[in-house]
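2 protein chains.
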Amino acid sequence: MAQKPSIPKGTRDFGPAEMIKRNYIFSTIQKVFIKYGYQPIETPAMENLSTLMGKYGEEGDKLLFKILNSGDFLSKADDALLEEKNSLKISTQISEKGLRYDLTVPFARFVVQHRNELSFPFKRYQMQPVWRADRPQKGRYREFFQCDVDVVGSDSLLNELDLIRMMDEVFRLLKINVVIKMNNRKILSGIAQAIGAPEKMMDITMAMDKLDKVGAEKVYAELHDRGISDDAIEKLKPVLKLQGGNCMRLEVLEDLIGDTPDGATGLKEVREILDYLSAFTLESEVEVDQTLARGLNYYTGAIFEVKAADVKIGSICGGGRYDNLTGIFGLPGVSGVGVSFGADRIYDVLTELNLFPSEAASATRVLILNFGDKETSYALSVLQQLQQEGISSEFYPDTVKIKKQMKYADQKNIPFVIMIGEEEMESGALTLKNMTTGVQDKYVVEEIIKHVKK
Amino acid sequence: MAQKPSIPKGTRDFGPAEMIKRNYIFSTIQKVFIKYGYQPIETPAMENLSTLMGKYGEEGDKLLFKILNSGDFLSKADDALLEEKNSLKISTQISEKGLRYDLTVPFARFVVQHRNELSFPFKRYQMQPVWRADRPQKGRYREFFQCDVDVVGSDSLLNELDLIRMMDEVFRLLKINVVIKMNNRKILSGIAQAIGAPEKMMDITMAMDKLDKVGAEKVYAELHDRGISDDAIEKLKPVLKLQGGNCMRLEVLEDLIGDTPDGATGLKEVREILDYLSAFTLESEVEVDQTLARGLNYYTGAIFEVKAADVKIGSICGGGRYDNLTGIFGLPGVSGVGVSFGADRIYDVLTELNLFPSEAASATRVLILNFGDKETSYALSVLQQLQQEGISSEFYPDTVKIKKQMKYADQKNIPFVIMIGEEEMESGALTLKNMTTGVQDKYVVEEIIKHVKK
Numbered sequence: 001m002a003q004k005p006s007i008p009k010g011t012r013d014f015g016p017a018e019m020i021k022r023n024y025i026f027s028t029i030q031k032v033f034i035k036y037g038y039q040p041i042e043t044p045a046m047e048n049l050s051t052l053m054g055k056y057g058e059e060g061d062k063l064l065f066k067i068l069n070s071g072d073f074l075s076k077a078d079d080a081l082l083e084e085k086n087s088l089k090i091s092t093q094i095s096e097k098g099l100r101y102d103l104t105v106p107f108a109r110f111v112v113q114h115r116n117e118l119s120f121p122f123k124r125y126q127m128q129p130v131w132r133a134d135r136p137q138k139g140r141y142r143e144f145f146q147c148d149v150d151v152v153g154s155d156s157l158l159n160e161l162d163l164i165r166m167m168d169e170v171f172r173l174l175k176i177n178v179v180i181k182m183n184n185r186k187i188l189s190g191i192a193q194a195i196g197a198p199e200k201m202m203d204i205t206m207a208m209d210k211l212d213k214v215g216a217e218k219v220y221a222e223l224h225d226r227g228i229s230d231d232a233i234e235k236l237k238p239v240l241k242l243q244g245g246n247c248m249r250l251e252v253l254e255d256l257i258g259d260t261p262d263g264a265t266g267l268k269e270v271r272e273i274l275d276y277l278s279a280f281t282l283e284s285e286v287e288v289d290q291t292l293a294r295g296l297n298y299y300t301g302a303i304f305e306v307k308a309a310d311v312k313i314g315s316i317c318g319g320g321r322y323d324n325l326t327g328i329f330g331l332p333g334v335s336g337v338g339v340s341f342g343a344d345r346i347y348d349v350l351t352e353l354n355l356f357p358s359e360a361a362s363a364t365r366v367l368i369l370n371f372g373d374k375e376t377s378y379a380l381s382v383l384q385q386l387q388q389e390g391i392s393s394e395f396y397p398d399t400v401k402i403k404k405q406m407k408y409a410d411q412k413n414i415p416f417v418i419m420i421g422e423e424e425m426e427s428g429a430l431t432l433k434n435m436t437t438g439v440q441d442k443y444v445v446e447e448i449i450k451h452v453k454k
Numbered sequence: 455m456a457q458k459p460s461i462p463k464g465t466r467d468f469g470p471a472e473m474i475k476r477n478y479i480f481s482t483i484q485k486v487f488i489k490y491g492y493q494p495i496e497t498p499a500m501e502n503l504s505t506l507m508g509k510y511g512e513e514g515d516k517l518l519f520k521i522l523n524s525g526d527f528l529s530k531a532d533d534a535l536l537e538e539k540n541s542l543k544i545s546t547q548i549s550e551k552g553l554r555y556d557l558t559v560p561f562a563r564f565v566v567q568h569r570n571e572l573s574f575p576f577k578r579y580q581m582q583p584v585w586r587a588d589r590p591q592k593g594r595y596r597e598f599f600q601c602d603v604d605v606v607g608s609d610s611l612l613n614e615l616d617l618i619r620m621m622d623e624v625f626r627l628l629k630i631n632v633v634i635k636m637n638n639r640k641i642l643s644g645i646a647q648a649i650g651a652p653e654k655m656m657d658i659t660m661a662m663d664k665l666d667k668v669g670a671e672k673v674y675a676e677l678h679d680r681g682i683s684d685d686a687i688e689k690l691k692p693v694l695k696l697q698g699g700n701c702m703r704l705e706v707l708e709d710l711i712g713d714t715p716d717g718a719t720g721l722k723e724v725r726e727i728l729d730y731l732s733a734f735t736l737e738s739e740v741e742v743d744q745t746l747a748r749g750l751n752y753y754t755g756a757i758f759e760v761k762a763a764d765v766k767i768g769s770i771c772g773g774g775r776y777d778n779l780t781g782i783f784g785l786p787g788v789s790g791v792g793v794s795f796g797a798d799r800i801y802d803v804l805t806e807l808n809l810f811p812s813e814a815a816s817a818t819r820v821l822i823l824n825f826g827d828k829e830t831s832y833a834l835s836v837l838q839q840l841q842q843e844g845i846s847s848e849f850y851p852d853t854v855k856i857k858k859q860m861k862y863a864d865q866k867n868i869p870f871v872i873m874i875g876e877e878e879m880e881s882g883a884l885t886l887k888n889m890t891t892g893v894q895d896k897y898v899v900e901e902i903i904k905h906v907k908k
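The listed protein sequences derive, respectively, from chains F and S.
Just so you know, the first sequence maps onto residues 1 to 454 in the working numbering.
Just so you know, the second sequence maps onto residues 455 to 908 in the working numbering.
Just to be clear, a hint being listed does not mean it is correct.
[Claimed, not checked] Straight-line Cα separation of at most 30 Å, DSS-like style, residue types lysine-lysine; simulated pairs:
no.: 1; chain 1: F; residue 1: LYS62; chain 2: S; residue 2: LYS904
no.: 2; chain 1: F; residue 1: LYS9; chain 2: S; residue 2: LYS664
no.: 3; chain 1: S; residue 1: LYS592; chain 2: F; residue 2: LYS31
no.: 4; chain 1: S; residue 1: LYS828; chain 2: F; residue 2: LYS181
no.: 5; chain 1: S; residue 1: LYS516; chain 2: F; residue 2: LYS9
no.: 6; chain 1: S; residue 1: LYS475; chain 2: S; residue 2: LYS828
no.: 7; chain 1: S; residue 1: LYS629; chain 2: F; residue 2: LYS31
no.: 8; chain 1: S; residue 1: LYS904; chain 2: S; residue 2: LYS857
[Unchecked claim] To list a few chain S residues with every Cβ distance to chain F over 12 Å, as calculated:
no.: 9; residue: GLN697
no.: 10; residue: VAL740
no.: 11; residue: ILE856
no.: 12; residue: GLU900
Derived from the structure by calculation, the hints contain no laboratory data.
Positions of the beta carbon are idealized from the N, C-alpha and C atoms, including for glycine.
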């Protein structure tokens, strides 16, 4: 008995129905990227481990998929380490490459490596899979897709404006109602400064970031555990509790942190972005959220996160500004800002809200049934005429029962079927069946073409 | 000093200029696939090694990129094997997954695994990278892209017709002159039968396949070395020497091998395909080549290979029929036929013949120059109007010297630049510069839109 085939856990096959839906998402996002002047790049699936290691924290290093060196990989491995079965240290001796973990680090590497060929500001998008050896669970995969859009080499807040407009346009086109949340790292450090705990900025941020999930009381407890004084926590409470419209929030924040150097700059930047935005009619609400941090500590300015309004699911897009991403590869002083669209979660949202367009169901418009050898050459000439008009069409290749052929059309969601028997060949009027309505009638080829083209 | 970033040898970064050209190739091929009713699928980059091993011969197994198991991978490794540093045997204990080597084996695995969800005949295409730990050299990469199109579950030669028409259409659209060579495995075995060496079919085939490269004399020598009798070689000579048009070739072959069972079937199949083809006007020449074998021994019927007529390069597309691909995964009796387009070689051909369309050069149509804060909100409103018309446009984000902004437009091949200064804001007549002709003139936004849309 042959082996039963399967795929590695946490990975997925995408069949035609899923592919057509996924392509709808990717092409919608891509269309917007292009419209705003962003250009595509692609980087290899494998990067040198020296590029990847140490960029995602200790936990991230463990989640990298490492590729075994080719050939006699053990020959150079250290005998003592092998004997003590030291997997961690041996791995660096038998593996030099890993699968990319995200698109950000490869992008930074790309910018530094090709800096002399690029024109800055460099606006790029990148839509490729990434791999993480995470424990697979519902909605979390070991191979998943990221759609990143970034601009590097420009400090201007007009880039933040671009990104917000792009997020708005993508979700407008996909018909998903969203809230775009915005914060600024400088507001977060202004808060830490204002409550008298500037050196605790990361602790405060990480606790505050959980507000949505765990509620205020637990955040206070965590802050306490992280060594924030009661006095400082007391001062933080109005910041945590602050709700309401952007104007009101900004006014209150001005009172609370406007006197701190970072707080003042952060508020000024947020106001400038909102000011630019006021000239545009957005579909989505842009909401200033002073507690938003998105965990990652490489953001230095704006922070963005997009939530679907009608579905309970994590963020479906997010990002921010980072002032020194390329510094790790020896090119300091290149500021960048970008966001990443989560294709898998967007897929889940569109599925739950039943928002995939029906055209996304099938590509083939017409199936010509196969009545047998006698009718074949006639059918082929009709096939050719349809295809010359750009109509996706097929001629069923085997002479099998008509019922089976109809089932094929049905399963493949093909909207039209043409039947050509002896009578049709003589008269030139072919039987066209609309598979949606069930109606069938006779037409000459030219009429069929008009019909099928909608 | 930070590390100098690089990528693994044999892999490539694709910058915007290359991406736009590559996307032109992929989208052209894809358009044809869709028009003929083929549907997309994608499989994971990683497959279980049990799926991949043993499918590509001993050499192929060595060329698989293997992925190190996560966590404490050495804990289960055999002590004795570790001590003797047996890389080959240890690799199976510390690695369970590998990167896909081609798209054919994952496709076979996919068909078997999902057979109950698919409707047969299943017509699929797949465009994804594959990885091979080959020695990198000019034109040979460790990560490269395959574009495969196959139909499984149908014996009909109408599928071969489909594939030939698709190859013809792809290269017609790409404007590459090609010769489509066709043979049949049954003709090859008929030849072996006819010269009295049926058991030597693979040896004869492999020697004959080199005719183009090494010439007839060397083929005779190799046949001799492979143990073919002088008598049989003598009988083979007319087959090797056979040239000329398809009709003539088929007649001569009929005389030579028409009496063998396989030869008769093979010739009948080739004639039937040519007969179907006669109803269509192809751009490319379809040439019967009785020596074509394409190395791979899993073909059981038709064999195809496409050569560029005007560039010296290996085949740019090839494939054939295989009667038992899914058998290795426990599903016998599913016949399939398909071809694979070599995107990298097609890229090289288009480059050498200078056949990339000029639209493939840039995506952004318009750059609005940044004159400063005073002009920004006016410029943004123009940007919005252009984008609402679907025109890819950018507003330069930084207030830097105009010369630098013009250079950016130039490097990015942006065809139009708009200048908005004080005068333009007052009059509403904006300065539009055509970057190709150098001509600049003043227009209102509506005129600019017409202009830029061409």
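Checklist entry - Between LYS592(S) and LYS31(F), does the CA-CA distance stay at or below 30 Å? => result violated, 34 Å
- Item | 30 Å Cα cutoff - pair LYS904(S), LYS857(S) | holds, 27 Å
Check the hint pairing LYS62(F) with LYS904(S) against an upper bound of 30 Å on the C-alpha distance. violated, 55 Å
Compute the least Cβ-Cβ separation between GLN697(S) and chain F, then decide whether it is above 12 Å.
holds, 30 Å
inquiry  = Verify this label for me: ILE856(S) is non-interface relative to chain F, using a Cβ-Cβ cutoff of 12 Å.
reply    = holds, 15 Å
Notebook entry, point to check: Would the pair LYS828(S) and LYS181(F) pass a check requiring their Cα atoms to be no farther apart than 30 Å?
Noted result: The given pair, whose Cα atoms are some 28 Å apart, holds under the 30 Å limit.
- prompt: Is it true that the CA of LYS475(S) sits at most 30 Å from the CA of LYS828(S)?
  reply: Violated - the C-alpha atoms of LYS828(S) and LYS475(S) are around 39 Å apart, more than 30 Å.
- Task: Take a quick look at GLU900(S) and tell me if its Cβ sits farther than 12 Å from every Cβ on chain F, holds or violated.
- Result: At roughly 19 Å from the nearest Cβ of chain F, GLU900(S) sits farther out than 12 Å, so the non-interface label holds.
Original post:
Has the given pair, LYS629(S) with LYS31(F), been kept, meaning a C-alpha gap of at most 30 Å?
Top reply: With a Cα-Cα distance of about 26 Å, the restraint between LYS629(S) and LYS31(F) holds, given a limit of 30 Å.
Q | Assertion that VAL740(S) lies farther than 12 Å from chain F (Cβ) | A | Holds, since 16 Å exceeds 12 Å.
* Asked: Given the hinted pair LYS9(F) and LYS664(S), is their alpha-carbon gap at most 30 Å?
  -> Violated - the C-alpha atoms of LYS664(S) and LYS9(F) are around 43 Å apart, more than 30 Å.
_Holds or violated: LYS516(S) and LYS9(F), Cα atoms, limit 30 Å._
holds, 24 Å
Figure legend: structure checked against the earlier numbered hints; hints not met, in rising order: 1, 2, 3 and 6.
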